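Whole structure, please, built from the sequences with the hints as guidance.
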Amino acid sequence: MSLRTGNTIPVLIVLAAILLFWYVMAVWMNAPWQQTLNQRAGLTDVPVGEFVSQTWSQAKPLLPAPHQVAAEVWTGTVETDITSRRSLAYHAWITLSATLYGFALGTLLGIALAVVIVHNDASDRSLMPWIIASQTVPILAIAPMVVVGLAAVGITGLVPKALISMYLSFFPVVVGMVKGLRTPEQIQLALMRTYNASRWQVFSKLRWPAAMPFLFASMKVGIAISLIGAVVGELSNNAGGGLGVRLLTGSYNGQTIQIWAALLLAAALAAVLVIAVGAIERMVNLRMGARA
Amino acid sequence: MSRLQLILAVAAGIASLVVGVLGLMVGAPLILLVFAILGALSLARFAVPLPFWLDGGLAVLGTVALLQTLPVYEMQPPAFWCGMVAAWLFAWLFVERLSKAIRDGAVSERVFGLLIPVIFGLALLVFWELTTRGARVPMVLLPSPSQIWTRLLASLPTLWADFQQTFLKSVIAGYLIGCGAGFVVAILVDRSPFLKRGLLPIGNFVSALPIIGIAPIMVMWFGFDWPSKAAVVVCMTFFPMLVNTVAGLNAASAMERDLMHTYAASYWETLWKLRLPAAAPFIFNALKINSTLALIGAIVAEFFGTPIVGMGFRISTEVGKLNIDLVWAEIAMAAVAGSAFYGVIALIERAVTFWHPSVRGGRA
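Chains A and B supply the protein sequences, listed in that same order.
Each residue of the first sequence is one higher than the one before, counting from 1 in our numbering.
Each residue of the second sequence is one higher than the one before, counting from 1001 in our numbering.
Just so you know, the hints here were simulated from the structure itself, not pulled from any lab data.
If you're wondering where the values come from, they're calculated on a predicted model, not measured in any experiment.
Glycine included, each C-beta is placed from N, C-alpha and C at the ideal position.
No more than 30 Å apart at the CA atoms, straight line, and that leaves these computed lysine-lysine pairs for DSBU-like: (1) K205/A / K179/A; (2) K220/A / K1288/B; (3) K205/A / K1100/B; (4) K179/A / K1288/B; (5) K1100/B / K179/A; (6) K220/A / K179/A.
Simulated coverage check for chain B against chain A, where a stretch passes if three residues somewhere in it have a Cβ under 8 Å from a Cβ of chain A: (7) 1216-1227; (8) 1312-1321; (9) 1326-1337.
Covered, in the sense of this in silico footprint (three residues per stretch, anywhere, with C-beta under 8 Å from a C-beta of chain A), are these stretches of chain B: (10) 1097-1109; (11) 1137-1147; (12) 1201-1213.
Structure, rendered in structure tokens:
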């Protein structure tokens, strides 16, 4: 995603190629239905140019053209009142808040677990295998049950989705932080010992700063998957709103443009979040005096 | 004895004492009282050193006693909950002392290193069973492991049908196609530096996107049956494989490549004998990531519409009917399938990359 001079032009060209391919695919996939439509309307010989533009402007196309999706995003975010349920920005905000909430919880849990694991041999041995095993389990499959189960005891709205996000995002943080907190070498730890540093001082002045690069690398992974968790959590709760609900209602009503718009917005959200974490990382690095 | 061990030992002894007193007041079953007395006697360790196996034995005894006590009462008395705390403390103390013994080299790492995570898992399971049944947690919220197990045994045919539909059809097909396509495209891209610079950033970016969201689109394109799920799996597994393989193909150093050049090795020979083996750890990393992603993709895609079979379908409909025990049975099966899938790939990895330091060091 970096826009270093070497990559910008190739990336743009590849993107243009993808866009072109998308338009061609839109014609190809929407053509059969357009032909049926034209036959019903009694139009026999439609010129090719007009036929192509027809395939790019169906109401419920099999594959909407990029400009249709862009127009849907534009009307949904800018032209619609932000408090209305029809506004995409409103749904994006719901998803974003659940993501951030779950991400914060997951990061805190991950850091806490990593600290315990690094400082206690027994918990390293007993927890670590299960933490790794927990990720081979398709966690997202539990999402509907978490939502329904918590609804049964009166917890609805943000919390169930945030819990799913938390479950997904704590893992990279634990693994990264355990590695990071263990980066200080024996010789550095020995130096701290000659300073008569307490356990807390060793942690706050040596281990924690040493773990920072690992923390941010894990947080970048964590925030992307916590967005996925929030979206999947919304699939089981139609009433709440959010991008996941837009996907679901779009698929029930065959509103393909709506689905693509929600997807595009989710992708944009993921990009913004990852870039934001990267920006914070650079700020922290500067404060800590690291060379960028 | 470290400070943590000291605290645990004292707390466990006192908790047992409290269990004894409270148990006598409500006339608790004999076995619980025996556990309480023996646990309280363990305080004698400050006079006579006790082997750590004794703590393990006490934890097991406590677990058995609590499971025996469970059906006796309608509402569990405080002695029960206190006993649970005591048993937990003994188990913790045991693990703490065992890991100390392993570190000191007093017992073999190979045999007992495995015991600790197993104990933790069992303790968690027992804790789950005791709290859900002891506190009468409604099944909608969380069924007990024994309920889930009976349900699992009772509905094996359904579970097997779902497993066939989701795992054997969607996951395996999608995984093979997605990983295969990612691998082939990576080798093609690798030949063109321009494409590598253009595609890699995009591939990296797409790997972070919620690709799972294309599920409704795939259902629309490929119909309700398993091909649409396989298509989602293909899309989810393609990019991690692409990115990792391209990174792996660059892993062979310039010096090794020069050596191949001096041997007059052709492109394909270099690829086959040097660069692919060097890329193997990266490729297996992607295969492992993808094994989890594939299962998630197939299950979540089924939330958007399927024929009336499949793990994702079962989970979403039975949640609606509040048959939570069946849902948990399904999840247990998914967990076992996911772990087994991952384990098989990890085993293949050990066999293929036997030369890698991480394998030779004994830790995969």
